[in-house]
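As a plain string of letters, each chain reads:
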Amino acid sequence: CTGDFEEINTPPTSVTTVDPGLLLSKVQRDAAFAEGYEVPNSQYGSWIQHWAGGVLVSSSRYIEQSDNNTWDAHYTLIRNISQIRNEVLKGKENDPSGRSKIAIARIVEISVWQRLTDLFGDVPYSNTALGPADVNTKPVFDTQESIYKSLIADLDAAMTQLTAGDASYGSADFYYKGDINKWKKYANSLKLRLGMRIRYADPALAQKTVTEAMGQPLLASAADDATVPTYNNATNANVHPVLNQFLAGSPDLKYLADGLVTQLVASSDPRLPRIAQPSVNSVKAGTPAYKGIGVALTDDLLKTIIKDDYSTASTLTFFNREYSPAIPCMVMSFADVSFYKAEAALEGWGGTAADAEKYYQDGVKAALAQAPYNVVTVPASFEKELSLTGLSKEQKLEKIGTQKWIQLFGRSYEAFIEWRRMGYPALKPGPFQGSTGGTIPRRTIYSSREALLNKANYEQAVSRLSNGDSYVSKVWWDKR
Amino acid sequence: MLSLCPSPGFGQVLASARQTETRQNQPVRLRDALLKLKERYGADILFEERLLDDFKVSSTAVNPARTLEQNLDALLASTGLKYKKIKENTYVLLAAKDRRKKESTTPRETSAIPQDNPLASLVPVAPAEAKEMIVRGTVVDSKGEALIGVSVLVKGTTRGTATDVSGKYEITVDDASAVLVFSFVGYVRKEVVAGAQSEVNVTLAEDTQNLSEVVVTALGIKRDKRALGYSVQEIGGEAISTAKEANLATTLAGKMAGVQVTRSANGAGGSSRVVIRGSNSLVGNSQPLYVIDGIPMDNSNPNSPSSTGGIDYGDGISNINPEDVESISVLKGPNAAALYGQRGSNGVVLITTKSGKSRKGIGIKYGVDYSVGDALVLPDFQDEYGQGLDGTFTHFRGNDGKIYTWAAAQAGNIPGMPKTSGGRDRFTRASWGARMDGRQYEDQWGNVLNFSPQPNTFQTFFRKEKQLVNNLSLEGGNDNINYRLSYGHTNIDGYTPGNTLKRNNVNLRTVAKITPKLELDVKANYIGQKGANRPTVSDASDNPAYLFISQPRSIPMSVLSNSAWTAEDVAKQLGYGTVPFVGMEKTYATNSSTANPYWTVDHTRNSDDRQRLLGLIRLSYQFNDWIRLTAKTGTDFYTDQRLRYREKGTYQSANRNGDISEQVTRVREDNSDILLSLTPQITKDISLGLNLGANHQKFYSRTTGNTGSEFIVPGLYAINNTLINSYVFGLTESSINSVYLSGQVGFKEYLFLDFSARNDWSSTLSPQNNSFFYPAVSASFVLTDAFNIQSNTLSFLKLRASVAQAGSSGSPYQLTGTYSLDQVAHGGIPLASFSSTIPDPNLKNELTTSIEFGVEARFFKNRAGLAFAFYNASTKNQILDVPLPPSSTFASRRINAGEIRNRGVELTLNGTPVKTADGFSWDATFNFSRNRNQVISLAEGVDTYVLGTDRGVNVVAEPGKPFGTLIGNGFQWLRDDNGNRLIDPTTGLPLKSNSKILYELGNALPNWIGGFNNTFRYKGISLSGLFDISQGGKIYSQSLREELVYGTIKKTLPGRDGTYVAEGVVASKSENGTWVGTGQANARQVKAQDYWNVVAPDKDNVIPEEMLNDASYIMFRELTLNYQLPNAVVSRTPFKGIRAGIYGRNLFYLQRKTEGFAPEASSFNVNNSSLGLESTALPLLRYFGVSLNVEL
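Each protein sequence line maps, in turn, to chains A and B. Using my numbering, the letters of the first sequence map in sequence onto residues 1 to 480. Using my numbering, the letters of the second sequence map in sequence onto residues 10001 to 11192.
Just so you know, these hints were derived from the structure itself, not from any lab. Ideal Cβ positions, reconstructed from N, Cα and C, are used throughout, including at glycine. Heads up, some of the hints might be wrong.
Selected chain B positions facing chain A (in silico; Cβ < 10 Å) [to be verified]:
# : residue
1 : E10145
2 : T10157
3 : L10574
4 : G10577
5 : F10773
Let the sequences and hints guide you as you build the complete structure.
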């Protein structure tokens, strides 16, 4: 009487196959939200001086910590998104019912891979994401250089598969509701980003890639922005990650860094009151003022901090549960693309130096107009920031880098990545020596779990790093 | 001989009694027929041999299908003899009056004996020889109580009698050299030379070995221990119920070799962890199967706590009323438990509950027990320095109302008073501040207070735990039916304020002979348990104990007891930013893991209600004297309803708006068995028993519930009053079918061979792999009997050996990879993810192969005994979720892999060092066990398996190392070649590695464990004390980390004035930039704060080795003093018996090496994941109790 055993052993709360849209939704949401939470903000966001970090997050003070969460989360995203091509839609690569869906999933996967390698450097890539049946339990670490080459090629391949009229994801696709033409723009913009990222490491490939991308449709306005919606008065998993940090996080990790606040104040940036909050004591004293806390402070300096003298993020916007409409979580924006275009134009890649200023201004204006700033008219006091006239190329790059750095507030991974690539704005490290001897980290440290379970490959990858598995080693493309 | 108590089960038919009768229908002597009855029914039948010399009866006169008394009636019908039942299972044959009169030549003076005494008719006849004499006297036990029905025999004859209800006897002996033999079940047999005296009074000592003479083995079969080739240890009801443990399983602590008991200090009604002979499995908890009256019980503890909090709602075994337990039998490992198939691989704990006895009238017993518990070990707090840093305050309140930093105020010479700040880090909330000299200061909320020590934080908040247990039982019956009805009520008022546990146990057991051949056994055990406000444990803010370890030593509890923010607090606070609002929970720090314990107990509530029924119906039919068929079905089902809410304002709740969760779990495990027992009689020398059986087991567990967060309206604690709701759902089903066979062959009472085989079919594996076979074979050889060794030194010697296999088929639903939906959709869009574990559809069962050898010996006429066992158990094909590197995109792969070996020795010594004629005795038992656990292999390519992980430490299994290796995950001291720490010459502080590394700290498992029990008896008094010993093993203390970071314990006091000298040698930088030792001892003085700041700057960056504690202990676990009032006193009361006792539990440590916590009560759950980790457990409590038992 074992006839009913198989029925008894059928899992009651899960299924063995699924609509691929459910996986896509999951990955889009989680990937977008991942970079705005308390932990990435307090570490990466503190390194690039958006957030104050502090003694609670010791990595913010340059004390080395393996970043298990970021590592695990990215490979989890890759597991779920690659499941679409490995199992759910396998065999439908050339069928209209699956072709474009697989391509979209592949494009999302490529964006996750790019962020992962940008943060860590060499990572296991070619020997993984093979699906449960073909899993490789000791994937070798690929060089970042080879990963980039592969990502660019894979992206090209995915773009050719995107076919208008194919079945798509519909409302499960948070970015574009399944609109394949918008996906083409997004993919091409991602290609632009891939190309720009390696411009100092492999100029030839960068030029080719960027030039190709510049010749195809890119995100052309805010209407093309890839975003994931957020919801107020919902569970914390659905609110904007920065709001989540406010609601659920530590009171000590809500403060902004001196670097960002000083820049906003000095440039009369109209976004200031919508990014920062005047300090409690300045309001009490009747003279509302914005002040950020220094980063990577020594113990002696930390002791002198009275938190009420400093600014948190703005309770008008990010730290406001009532803010309406809820701030969408940005994935890639027209502003992102505009800044890349400006930089490309300066190099003459798909544009001319004369185009650079316009592209730059498009970027700044789009950044100001972005929720929750919604600044559509540039105030006169800020207009000077929109001009590249009379500047040297490096000064132009600095300006682009600085505006990009502000625009990426709330996207701590991307902000840290772009800051390293461009080398702008110039940031002064905090006074605490940490593990880096007082320099701002240039990468993050591999997962200790990976080091334990994939030792030989891990050690091989570490041997390729200039300063071992540390904050001060630089990834391949980091030449500035 | 000692007789066996009849059991209602089918067990006693297997008693390896010598088969002395042949089966031909020939007349046999009445004497032999009576002996056969004694064997058959395990009764004592006493007679004077000469009474029946001349009688013969038919060999078929004894009908095994009938009762003993029916048989006696039949046998004696034609003899003119009568019998009288003088006691349960004890009968005396009497000559008929006329016959006695005829043979009686010299009637004796009998006036001392009342005429209604049955012995009055047993006055022996004086023989022809003139020296014949009468001896009389009284037999009492060590408490001075009369013993009724003691067999009194004249040695070398079959002449005998028994004591009467007053313990008196009278017997005729041939001459003064005659030896009287006094024997009684449960007492040490005694021989006394009659001598010239006519009065021989005897005190019989209780036979402590006796409890282990007959033991309950697999399938509930009672066996003579001598016949066993494997290890079974049993303890009786008294050992269980005299020192009340709230959890039955913890009663086993220190009492049995090879059984390691860990208690979780998780509040009233918490769980226990019992591991027999080491952990066999990497996953799960390696706990044994609990079987109650033949029916397995679900011992799981759904949603048990983790390293980051949770509530321990108690396991299954904690529901059982110890007062209902007759005996506990522990089957150690597969050798003894192979008959339980896959569920027996971790050993089995067999619990036999009490049943009624046939008796006159109703036996009424009532017992009451009251105990009070209070913390035994508390952190060693310092009471000299208060909140602050650098030996002073951090902030200052100027008279101008402004808040300054301390340095700014000092520099500006600003008038005002010191102020403390809230905050999460040690810069504000640590106790590294000024000496608590009573000066005025303003605290973080604006209260102006005196800066003075607050030594009794724990004592002010916590309460003494009070436990009241009432038990009432009724029992009675006759030869055809007996019953026992009991009611137990437990009421615990817990250590944490508001924590209560109320439990009602009702147990009804009835055994009835429907016909002489058909027996029915019915049991229903109802348990109703209500818990309230159980504390959260481990590293979680709402664990009250967690807060006190780092609470600034200067904060008075009276400030915290006003647990909600007031408007004034909000206006004057420092360090809390914009977070607080009026009515919010007021905490001393802003830590997201901080709570106010007063708020926790007043404004966060949990309650649980478990309704449980354990039921059993067993029918057995005795076809003839060697075939018996038993069918039984039993169930364990319960509903566990849990509610938890935290009011609006609770710091930890979602957005500080409160939350609620309510869930109901229904669990049901059904077991049905059919068993055919055969005891054919082969020859005089060979005994045989054979059991054939089948079992069907089904398990079902379903949880449904709702959670809600953020209350909309305050004061209404219902799901529909929350902003965000989600569901809880879980369902688990599994089934196992089995057939089994076991057999016993005995040769001449000294050589025994047991074998068993079981085949299981489990629903959790694929049809190709779901059938598995577990064989076992064992042998026992009693050398003393085989070689007829008669020695005053060596009384008994037995060798035994066994080999067995058992295994496990793992959990349900592990064959397929699945997609599961996120509990919360995103704006109506559902989200799904693929399981992180790669399943293996071809999983096989785990397999444990165990061999065991043992020696049992008794010396000096059984005054001393020794039992020794060696075992080697190896578990292969573990069903393992082998961790994969995250870059594989999967967390783990489920495969059969790995091998764990447990090899160990167990030694039990017992003896009676002192025993005096006037009834004083001292019995001592010592047990020792040493288990060597080694991970032989893991899966291919897997070097380490993480069992548990917590801040700063991983607990792992690694090939070649023992299970439970502790790996530090943090900074490491730099040392020279001699192991001395290197000290930075400029700072005077020890140097540590630049970044975190993994390094081995030691092992969590003890080298050996043991127990030493002593019992002293004198007349009605018994005094018993138990030492529980565990030596070796390391434990990583998370509490110590907190205490060091925040400077709250005495360890952080030396050198606060700047005179701390770190131990180590002065270092210097070598040419290549690395530090080397100079060999010169460091003498540089530093501030203690700076030193400890290197050791533990914060929670995540500690030096793990500094948090390591030696877990060795010797604990005086139990002391009980019981007094059985003498009959002379009792007879003047309405009661038949009165026993009063006092006891203490967890009295003190003879040895303890841990810093501020109890080494044996620190785990936060019962799984492998909490091995070796201490995480702010509630303190272990020391209990003192009184008990009173009366019998009506």
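Q) Can we keep the E10145(B) interface hint, with Cβ of chain A closer than 10 Å? A) With Cβ-Cβ at 55 Å, over 10 Å, it is violated.
Q.
Holds or violated: the hint that T10157(B) contacts chain A, with Cβ atoms closer than 10 Å.
A. Because about 60 Å separates T10157(B) from the closest Cβ in chain A, which is outside the 10 Å limit, the hint is violated.
Q | chain A contact restraint for L10574(B) - C-beta distance below 10 Å | A | Nearest chain A Cβ about 7 Å off; hint holds.
Q.
The hint names G10577(B) as touching chain A; please verify it with the least Cβ-Cβ distance against 10 Å.
A. With Cβ-Cβ at 5 Å, under 10 Å, it holds.
Q. Going by Cβ atoms only, is F10773(B) closer than 10 Å to chain A?
A. violated, 15 Å
Hint check: violations occur at hints 1, 2, 5; the rest are consistent with the structure.
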